[in-house]
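Asker: Sequence:
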Amino acid sequence: EMRDPALRLACDAVSAAGAAALFWAAPGLTPF
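The numbering used here applies: residue 1 is where the sequence shown begins, and numbers increase by one.
Hint data in this document are derived by calculation from the structure and do not stem from the laboratory.
Heads up, a few of these hints could be off.
Said to hold, decoys possible - Label-pair restraints from in silico Cβ distances: (1) Trp24 - Asp4: 27 to 33 Å; (2) Arg3 - Gly28: 37 to 43 Å; (3) Pro27 - Arg3: 36 to 42 Å.
Think of the CB as a built atom: it goes at the ideal place given N, C-alpha and C, for glycine as much as any other residue.
Work the whole structure out from these sequences, hints included.
Answerer: This is the structure:
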């Protein structure tokens, strides 16, 4: 469990960036 707000914020930012990259890349990865 992380109690450092800055660390949690950074992790949330990385998570959001990863999700955005996945959604951005998804159309190029689909075979259709």
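Asker: Per the hint of 36 to 42 Å, is the separation of the Cβ atoms of Pro27 and Arg3 within bounds?
Answerer: The hinted range 36 to 42 Å holds for Pro27 and Arg3, with Cβ atoms some 39 Å apart.
Asker: Has the hinted range 27 to 33 Å been met by the Cβ atoms of Trp24 and Asp4?
Answerer: Given a distance of about 29 Å, which is inside 27 to 33 Å, the answer is holds.
Asker: I want to verify a distance hint. Is the separation of the beta carbons of Arg3 and Gly28 within 37 to 43 Å?
Answerer: Given a distance of about 39 Å, which is inside 37 to 43 Å, the answer is holds.
Hint violations for this structure: none, all hints satisfied.
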